[in-house]
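Protein chains: 2
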Amino acid sequence: MDVGTLAWPLDRAARQRRDHVAIIDGDVQLTWGQVHDRASRLGGGFASMGLVRGDRVAVLAANSGRYLELALALPRFGLVTNALNIRLAPRELEFILDDSGARTLVVDTAHLELGRGLAAACRAVDHLVLLETSGAAPLAAPDGKEIPYEWLLGHEPRAAMELTPETLATISYTGGTTGRPKGVMLSHGNLVENAKHMLATLSFSPHDRYLHAPPMFHAADAMMIFCLTWIGATHVVIPGFDATLVPRIIEEQAITATVLVPTMINMVISGDAVARHDLSSLRLLMYGASPMPEDLRRRAASVFACDWAQLYGMTEASPVVSVLDPENHRRGLAGEEPYATRLRSAGSPAIGVEAEVRRPDGGAAPVGEPGEIWVRGANIMAGYWNRAEETAAALADGWYHSGDMAYADADGYLYVVDRLKDMIITGGENVYSTEVENVLYEHEAVLEAAVVGVPDEKWVERVHAVIVVRPGHAVAADDLVAHCRARLAGYKVPRTVDLRTEALPKSGAGKILKRELRDTYGG
Amino acid sequence: MDVGTLAWPLDRAARQRRDHVAIIDGDVQLTWGQVHDRASRLGGGFASMGLVRGDRVAVLAANSGRYLELALALPRFGLVTNALNIRLAPRELEFILDDSGARTLVVDTAHLELGRGLAAACRAVDHLVLLETSGAAPLAAPDGKEIPYEWLLGHEPRAAMELTPETLATISYTGGTTGRPKGVMLSHGNLVENAKHMLATLSFSPHDRYLHAPPMFHAADAMMIFCLTWIGATHVVIPGFDATLVPRIIEEQAITATVLVPTMINMVISGDAVARHDLSSLRLLMYGASPMPEDLRRRAASVFACDWAQLYGMTEASPVVSVLDPENHRRGLAGEEPYATRLRSAGSPAIGVEAEVRRPDGGAAPVGEPGEIWVRGANIMAGYWNRAEETAAALADGWYHSGDMAYADADGYLYVVDRLKDMIITGGENVYSTEVENVLYEHEAVLEAAVVGVPDEKWVERVHAVIVVRPGHAVAADDLVAHCRARLAGYKVPRTVDLRTEALPKSGAGKILKRELRDTYGG
Numbered sequence: 001m002d003v004g005t006l007a008w009p010l011d012r013a014a015r016q017r018r019d020h021v022a023i024i025d026g027d028v029q030l031t032w033g034q035v036h037d038r039a040s041r042l043g044g045g046f047a048s049m050g051l052v053r054g055d056r057v058a059v060l061a062a063n064s065g066r067y068l069e070l071a072l073a074l075p076r077f078g079l080v081t082n083a084l085n086i087r088l089a090p091r092e093l094e095f096i097l098d099d100s101g102a103r104t105l106v107v108d109t110a111h112l113e114l115g116r117g118l119a120a121a122c123r124a125v126d127h128l129v130l131l132e133t134s135g136a137a138p139l140a141a142p143d144g145k146e147i148p149y150e151w152l153l154g155h156e157p158r159a160a161m162e163l164t165p166e167t168l169a170t171i172s173y174t175g176g177t178t179g180r181p182k183g184v185m186l187s188h189g190n191l192v193e194n195a196k197h198m199l200a201t202l203s204f205s206p207h208d209r210y211l212h213a214p215p216m217f218h219a220a221d222a223m224m225i226f227c228l229t230w231i232g233a234t235h236v237v238i239p240g241f242d243a244t245l246v247p248r249i250i251e252e253q254a255i256t257a258t259v260l261v262p263t264m265i266n267m268v269i270s271g272d273a274v275a276r277h278d279l280s281s282l283r284l285l286m287y288g289a290s291p292m293p294e295d296l297r298r299r300a301a302s303v304f305a306c307d308w309a310q311l312y313g314m315t316e317a318s319p320v321v322s323v324l325d326p327e328n329h330r331r332g333l334a335g336e337e338p339y340a341t342r343l344r345s346a347g348s349p350a351i352g353v354e355a356e357v358r359r360p361d362g363g364a365a366p367v368g369e370p371g372e373i374w375v376r377g378a379n380i381m382a383g384y385w386n387r388a389e390e391t392a393a394a395l396a397d398g399w400y401h402s403g404d405m406a407y408a409d410a411d412g413y414l415y416v417v418d419r420l421k422d423m424i425i426t427g428g429e430n431v432y433s434t435e436v437e438n439v440l441y442e443h444e445a446v447l448e449a450a451v452v453g454v455p456d457e458k459w460v461e462r463v464h465a466v467i468v469v470r471p472g473h474a475v476a477a478d479d480l481v482a483h484c485r486a487r488l489a490g491y492k493v494p495r496t497v498d499l500r501t502e503a504l505p506k507s508g509a510g511k512i513l514k515r516e517l518r519d520t521y522g523g
Numbered sequence: 001m002d003v004g005t006l007a008w009p010l011d012r013a014a015r016q017r018r019d020h021v022a023i024i025d026g027d028v029q030l031t032w033g034q035v036h037d038r039a040s041r042l043g044g045g046f047a048s049m050g051l052v053r054g055d056r057v058a059v060l061a062a063n064s065g066r067y068l069e070l071a072l073a074l075p076r077f078g079l080v081t082n083a084l085n086i087r088l089a090p091r092e093l094e095f096i097l098d099d100s101g102a103r104t105l106v107v108d109t110a111h112l113e114l115g116r117g118l119a120a121a122c123r124a125v126d127h128l129v130l131l132e133t134s135g136a137a138p139l140a141a142p143d144g145k146e147i148p149y150e151w152l153l154g155h156e157p158r159a160a161m162e163l164t165p166e167t168l169a170t171i172s173y174t175g176g177t178t179g180r181p182k183g184v185m186l187s188h189g190n191l192v193e194n195a196k197h198m199l200a201t202l203s204f205s206p207h208d209r210y211l212h213a214p215p216m217f218h219a220a221d222a223m224m225i226f227c228l229t230w231i232g233a234t235h236v237v238i239p240g241f242d243a244t245l246v247p248r249i250i251e252e253q254a255i256t257a258t259v260l261v262p263t264m265i266n267m268v269i270s271g272d273a274v275a276r277h278d279l280s281s282l283r284l285l286m287y288g289a290s291p292m293p294e295d296l297r298r299r300a301a302s303v304f305a306c307d308w309a310q311l312y313g314m315t316e317a318s319p320v321v322s323v324l325d326p327e328n329h330r331r332g333l334a335g336e337e338p339y340a341t342r343l344r345s346a347g348s349p350a351i352g353v354e355a356e357v358r359r360p361d362g363g364a365a366p367v368g369e370p371g372e373i374w375v376r377g378a379n380i381m382a383g384y385w386n387r388a389e390e391t392a393a394a395l396a397d398g399w400y401h402s403g404d405m406a407y408a409d410a411d412g413y414l415y416v417v418d419r420l421k422d423m424i425i426t427g428g429e430n431v432y433s434t435e436v437e438n439v440l441y442e443h444e445a446v447l448e449a450a451v452v453g454v455p456d457e458k459w460v461e462r463v464h465a466v467i468v469v470r471p472g473h474a475v476a477a478d479d480l481v482a483h484c485r486a487r488l489a490g491y492k493v494p495r496t497v498d499l500r501t502e503a504l505p506k507s508g509a510g511k512i513l514k515r516e517l518r519d520t521y522g523g
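Protein chains in written order, with our numbering: chain W, 1 to 523; chain A, 1 to 523.
The hints are simulated quantities; they were obtained by calculation from the structure and are not laboratory data.
Here a beta-carbon is modelled for each residue, glycine too, at the ideal position from N, C-alpha and C.
Take the hints with a grain of salt, since some may be wrong.
[Stated by the list, open to error] Among the chain W residues that face chain A by a calculated CB cut under 10 Å, a handful are:
{"no.": "1", "residue": "D11"}
{"no.": "2", "residue": "R17"}
{"no.": "3", "residue": "T201"}
{"no.": "4", "residue": "D325"}
{"no.": "5", "residue": "V353"}
[Said to hold, decoys possible] Computed footprint of chain W on chain A, listed as stretches where at least three residues anywhere in the stretch have a Cβ under 8 Å from a Cβ of chain W:
{"no.": "6", "region": "9–17"}
{"no.": "7", "region": "203–209"}
{"no.": "8", "region": "346–353"}
[Said to hold, decoys possible] Pair by pair, the computed Cβ-Cβ distance ranges are:
{"no.": "9", "chain 1": "W", "residue 1": "S507", "chain 2": "A", "residue 2": "P157", "range": "43 to 49 Å"}
{"no.": "10", "chain 1": "W", "residue 1": "G54", "chain 2": "A", "residue 2": "G398", "range": "41 to 47 Å"}
{"no.": "11", "chain 1": "A", "residue 1": "P157", "chain 2": "W", "residue 2": "A393", "range": "51 to 57 Å"}
{"no.": "12", "chain 1": "W", "residue 1": "G54", "chain 2": "A", "residue 2": "M161", "range": "40 to 46 Å"}
{"no.": "13", "chain 1": "W", "residue 1": "G54", "chain 2": "A", "residue 2": "K506", "range": "57 to 63 Å"}
{"no.": "14", "chain 1": "A", "residue 1": "P157", "chain 2": "W", "residue 2": "E390", "range": "39 to 45 Å"}
{"no.": "15", "chain 1": "W", "residue 1": "A410", "chain 2": "A", "residue 2": "R283", "range": "54 to 60 Å"}
Only chain W is shown next, with the shape it has when bound in the complex:
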């Protein structure tokens, strides 16, 4: 068994912490020995289904213990996890399934009907696996296209395949600047190494009880699954983020660590539930996707009196690039310099990761001068699935070109100032402006459309559309919102729309000046 592959963390946990609780999901508790046995039996099931090494298995489901064990099981048998964002619109999901060529789609009950529709529409999908069936394992192979999870579990255990760190483990779709989502290919080695970077950079212990509240289909949670499995800690799973549930579960399950995005933290501390629960078990609250607005940080620190860490990264980096560690938070919140200033940064490179600020010509940008963040390390993706050109552009010169603009201070802390790739981060989700603009342009009343992120108290940034109405047409903001809602994931739909009649500001070359627009809205 190659220690650089994803079978290793579960094997190690099952050996060393066999009788310790591995996964808690509602009333279900499994030990590491049980999870290992179940993952091995799933291997037998996958083989019976005819799945072979390299096949993609898509998952469309809310968080669950079964989702987590599936994420641990699939890579053991050379299968590639294609975790789908459940918030996407059907036509977006169809595009992804056709692009990844997934042969199997795993769905929970809430997504069963949608899954059936997708399976009918997507040629490659030949099986649906129903995650939430219950009862005894059916003895005979199920007839037809739909396979109960229990039938998979009823097989003889199989040992993990001998794979290498280069073996493809996951394909995760992110929006693209062209408006066409692209599949980020992460290898076993990418995920193993970033888990190691995290373990080395922050302190985790086998006694940690980690809460999976954000969606497992995101790269951050996928990595934390392997990171905490490796040391044999306990995973506590809830279906998804819920501002009332999170404080209750922290108390009931004595949660010690979790990752939330600032929007979720804001919802928790603004809710009623937080005052009713004892949060003192929590020792480490990590947050990601965007730095914490100062006001929110101050309010949150009084509620969560524990260590804080910020994670900065992107799917292409498996995903952690830099970390703003607990000491910076502790001393920064006390007003001590340089820590207080660093709270506005995205931290400094994690142990094992290189990140540098580069000028457009590839030269190093001096301290304080903004440039593009380039990243190098064993955590950097293998490339984009079937996108040779975009892969070559993103991985030029042996570095990943992140598209994020930042400057570094003299201590190597990174301050993100802008995004080359015209992306908005709203409530922890990435939205590519182009994708939303393309949909807006499909509406007959739209002459010009520009989508920008503007500051928002709840979502940190919100999607804002500036529309120039075509002469002779009348349209209401609500019409455009409804038009988008039918075609895009809810979080991509503009929350505010500004209708104009005068042309948008443009460069000499006719390019819409987004920066100028953002400035108008205080962005």
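Assemble the complex: chain W is given as a structure, and chain A must be docked to it using the hints.
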């Protein structure tokens, strides 16, 4: 700067913890910013001396802050550290210096005369660097062969060289089964990766204050130097282990972590000083070189009421292979199974390291069956310096063949039962029987000689010689001890000698049956 090279940990510490205390040695305190500056100036000094990439620099000195900063500085400029065991006899040191071809020998005052002798005897050595000179930096280059450290520090700072993880970083000599010491070549990548394995496996924090008590010329301490530098912790250095000094320094310097060998722990808890000092700052006591005898463990646990971890490994593995972690110690000491049984083991593989028990034919040994420990991982040495044949034998099939015999339990814990390579570990130092036997055979009264390790309360194992006296000769045990002392490091000299007249037990092929001899002495 490649993150897989040894310049990285110091660069990171200097950036992120510039004004934090890096090194404490007596009254001298240096911050990370100062250490970085001094290491950079040393680079200028090395260049002025004419040292070029790949040159070996030998160091013969007790522990000191300067030794530590030298260990951080040399690899930054592609120079190869050849740390010498100060307990070796002159003829042993001469052999090593000739073998490594070191051009420069760094000595402290205590080893100045010895160093002068070695420099005269060894052709390759063209400079002596005097570590402990003091006063202002001399402006002019020193005349002749002896160079004060201050002169090196007086140079303009130089940035670290662009190197790769494959670049050779250290050559450390270990005894050999042939009686001829061999140089273990560790690359930048080997040491960086093992430091990462340690950071991921055990919890360290930037607030740790680590005591360097065992000699820095050992692989374990060399790795801890990089491990703790990477996170910007504080190194506290004392000249060497001293049972009175260690408890005092733990209290005075609020030490939080250290590595000792069982013999040292025994000396500390048996001494007077321990009762006079508050040891409560210590949170992690690591021990290595051999498992802890049960009685010692019980006595020691009442004195050091902190977390315990055992490290098992060897120079060839940079050096950590497996770890018996704090939880196993805590619950094992409380008598809970399987933890209590595991206290007799060498732990389980560290995160990032593979270790398996193999049969002589290379197949996996089943649970409970002793076989040789094979190790794989980014921490495994590049090979033995100028020993192609021994390298090929040790690194066959892509694994390092450790020569240690062990069985694994069902949970993957390794129980070392014997050593293929006929090695004794006494007070934490490795002694190869062959080397001592070779010296004994040089004595005219010795007909047959067998050197074995026998259990010893103070040294865990002690070197014991069984001698068959040549007919017609008379010799006393003391004569043989004196003969060895003149030719070998003190710790290799037999502590007890058994003189016989009858032949030693032999196999059909005439090989002395060491195991049978050891059994006689309860080994």
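Indices of hints not satisfied (ascending) | 10, 11, 15
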